[in-house]
Amino acid sequence: MIRFAGDSGDGMQLTGDRFTSETAVFGNDLATLPDFPAEIRAPAGSLPGVSGFQVHFADHDILTPGDQPNVLVAMNPAALKVNLGDLAKGGTVIVNTDAFSDRNLQKAGYATSPLDDGSLSDFHVHAVSLSSMTIEALKEVDGITSREAERSKNFFALGLMSWLYNRPIEGTLGFIETKFGKRPEIAEANTRAFKAGWNYGETSEDFAVSYEIAPAKLEPGRYRQISGNSALTYGLIAASKLSGLPLFLGAYPITPASDVLEQLANMKHFGVRTFQAEDEIAASGAALGAAFGGSLGVTTSAGPGIVLKSETVGLAVTLELPLIVVDVQRAGPSTGMPTKPEQADLLMVMFGRNSESPVPVVAASTPAGCFDAAIEAARIAIKYRTPVFLLSDAYLANGSEPWLIPDVSALPDISTEFATSPKDGDVFLPYKRDAETLARPWAIPGTPGLEHRIGGLEKEDKTGNISYDPENHDLMVRLRAAKVAGIAADIPELEVDDPDGANTLVLGWGSTYGAIGAAARRVRASGRKVATAHLHYLNPFPRNTGEVVRSYEKVLMPEINLGQLKMLIRAEFLVDAVGYNKVRGRPFRAAELADAITALVDS
Amino acid sequence: MSEGGNGNGLVQLTAKDFKSDQEVRWCPGCGDYAILNVLQGFMPELGLTRERIVFVSGIGCAARLPYYMQTYGMHSIHGRAPAIATGLAVSRPDLSVWVVTGDGDALSIGGNHLIHSLRRNVNLKILLFNNKIYGLTKGQYSPTSELGKVTKSTPMGSLDYPFNPLSIAIGAEASFVARAIDTDKKGLTEVLGAAARHRGSAFVEILQNCNIYNDGAFDFVREEKGNRIYLESGAPIRFGAEGEKGVVQDVDGSARVVDLGEGGEDGLLVHDAGQREPSLAFALSRITFETDGAVPLGVFRSVERPVYDDLMSEQLETARERSGEGDLETLLHSGDTWTVES
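Sequences listed follow chains A and B, in order.
Numbering of the first sequence is given in the numbering used here, commencing with residue 1 and proceeding in unit increments.
Numbering of the second sequence is given in the numbering used here, commencing with residue 1 and proceeding in unit increments.
One chain only, chain B, in its complex shape:
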């Protein structure tokens, strides 16, 4: 264990320092293993000692993750992790608080808490493991399952139109929105780094394969690397095995994939995650395998906005400046008082 730093004030930890003594119990072949490995490998980059890091989860397969991290952790109630983490983050600004959730946990039962934590811009890093299925309850459709999905609870196909997690986050005023793939170590590590550096709510969708109940749901982008559109701020959006495709924006504001013609990069959309208006990020979130045969990855949106935790701390300071540190005796004697003589 390398805790205690190296003498120059910096903390030098390794992935091993973040592995807990608990046996990891996901199904063999689950995408969660890959995510856990990347996360443990990334943690030293935070530059924080382990006691300053907390993982909070709700219920579901993904929600088991805190047990495997040698940090503080709470495996809480279905859907409520953002609410619980909000109380913790707001009252303890010295901590780095991470929420681990899934498509059912975040978008069904916990939808309300997710959108409100994003709009408040609480300093939370929210990782949504999207496998488009309910795994822990053994294979019912989820709010991201495609229309018509045949599952145990929808033998004739699901009737629910699916949510697009990134569109929801952007619509909920999220200040940081990104996407990565479970097995894409480099892409996922970069996105985690950007999320950690962002002060405020950071929302990351991780496409995760459930090899038992929804195997291959993301093969078109997990296996077919040519369908990955890596977003890079300041650069024209280009992708494909030979870089032969790109993204353009139409006059109505929507974005779509095109084949690069003789004009090359001319006319291609230049990505800018820092645009204040969320319309560009939203247009990019609408590009899916179903609409364009490709999937954007990386940071869609990253803008600075006042952070809820900071604003609350400032109000406490202001109140103390105005009224002085609260005194109980004075409080109890405030208002009309009178004395009864003996």
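For reference, chain A alone in the conformation it holds in the complex:
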């Protein structure tokens, strides 16, 4: 497990990303955790400006980016200070000594240099003059300044790590060609820096051991590496293809959801229309307008934007039109910590609207799982003519993992039929429901004979005409609720992993999936019994959820909030579930969850 850390301008995300690709191609299983500041460029050398990228890889399947890195690459004193506490004792530290100037030490709050004062005695320290060796390696490259040369040091570091772990380098060399093709001198500089780092590893006696981690045993098939936001984008494109509906995205840029807008803007050859609106409200409004016209309407945001979309979602509830609302959750309240993950928007998407306005909620659990979650959200929205919330978070969005690329022909058919012109004498009833799904017809403008008016005012059953009739309102409230509740019959049951017949269940949702799985392995390895289950549908719950939670003596619910799903489960099923809650803007560590599970099992 390696963590790359440096200034936010040092290219650490790029370095980590390339190392990840090399690792994936090599065949290791992996999980990644980017960790970067919200400020684009915080003051150089400062503690808040430190940007990190952690890669966990192994010869077996991996569930989390890992708790404690074994190797830390620190590009400056601030990066060392911020990250050293996480490093496992006996771990390896590679530092760029050129950045350990008095001024940088002072900025990081070091009175004396940790390289000299013995404070790193618990670790294997490799002091490498990354900057000066990079500049030296590039002095023959024409057309670049020594300042530009110095900026290639991240590729030197990448080369060194690639040697150390026997990563294949062809992919990175090709990547440099493509990425910097327009500036051949920069491409040349990065290539040379990368090779120089590799050669340094090979020739320097400092790195006597080159690690070999064999490929993991994964299910056979064709793989690629994918991040949550990319998987979400691909899932939306797939949903458009599978439904036959053109995709319309209304969005307003917001961290950590902007990637989806940017990626979909590059998918115009799929017939995707992206609309960068004047605000979050217009973004969702335009998506709903497009849905009225027969498009697959999508709006993407994070918590601070989702609150502004509440009125549109409420309108979509009563119009009974399909709308996908993606919430890539981040730490809050208010602006909170824009780049950090949290699971605290659950109750907002469940209840954050006026009156009785039920909305289905689907949650992704892994980066690659965002693909399936997007298709599933679209399926439910289209089939039941309802807005659907799709929950991701900053950890899933930016984290990545190997993905067994699905067979397109095996993906579900989620197509639908629009209402067609009535035969002579028939009267069109916009709110006449399908007996099975309770969905109303989707009658799009342009269809002769179906001219009708819909709106936010309460509608009379079947006709859709404005109605203030008390009994009709009660009926409509119940019909809308029954329609959403009925989706439970159309989603998979909650699966339980309980190999040993435990009396303790760990129930989670969303991005805690990996940490819970890894923790359960540890607990089982200690000879204890524990069951796990993970909810991918939060409204409605899978139909066997009550049965599952009631069948265990003890239920533990780890969440990166103060117990939101726990509140729902307790209220719905009257079980005495207990929570494990930490709201730090970071994923759980498997070790802390294992401790919490062990304590409950032993209690």
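The hints are simulated quantities; they were obtained by calculation from the structure and are not laboratory data.
Partial chain A-side listing against chain B, Cβ under 10 Å, derived:
no.	residue
1	Phe26
2	Phe175
3	Ile226
4	Met267
5	Ala283
6	Ala290
7	Ala291
8	Thr312
9	Pro402
10	Pro406
11	Val408
12	Ser409
13	Ser421
14	Pro445
15	Gly446
16	Glu451
Beyond 12 Å from chain B on every Cβ pair, some chain A residues (computed):
no.	residue
17	Ser129
18	Ser132
19	Glu262
20	Ala435
21	Val601
In this text, all values refer to a predicted model and were calculated from it rather than measured experimentally.
Quick reminder that beta carbons are idealized off the backbone N, C-alpha and C, glycines included.
Given the coordinates of chain A, work out where chain B should sit on it, guided by the hints.
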């Protein structure tokens, strides 16, 4: 019903074809009735079948209008109609999309959406019914109410300086800006026709009387026809019962009303709605009853500008020409991939 055309490909509909089966429920005497009648009478001129027409509204008295039109319609959320209509118009260029709004809906809660739809030049026809009051909520001042207006929420007079809707639209880069009066059937019909023919955003302010909460707000131009300045492109701007008044432009660019002297039309401002620079239209929008005792009507500005919907469609075509029709299989396999053998 005359749907289906007359055999020569043209559609022959009448006002009656555009009346829905819903009972119209505005207050008796409301100016909205007159507007609805003119609109239903005008609709056949679009030459479109009813299913191709959509009315989208927000909240307010005016926003009830879609219920009364036998077309597609959506009565949406307060202020958001331009945003919702944008999504519809952009994704369905085959439709004729109309937005019906009021002074509170368009200029208070929905101000942001209005200006952005105008600057983008989305193919929407936006009809703003201005009665200078909040009617549906029973009589609070609106963003077009005059300073010092005494209402239920401003017992000592309002402190808000009012918006001039046309100045806002012109400032927001609107490519078509016009004004009409609810009861002026001829003037309103002409303006609707010009707006419908304009490709892009067309903004029309309709002076509308609220006989319950702000009765007589526009009597100076609704009743006093001599105070109407009908704008006609290419002609000197002249008005009055005897045509005894006109509009001149001063060296600072502003326009004002003058009495015609012995010089007759010499020196009068010649209207040109097609001027690319919006300064003339803006100067005319500043002539109000308060400043000059008269109100310009008709088309202030009508210029061609690329339409957002068209530009977006073109980008989709260009992308398909460059990359071919998107293929899901290819997309999923893009980037670095590797095979795990069994």
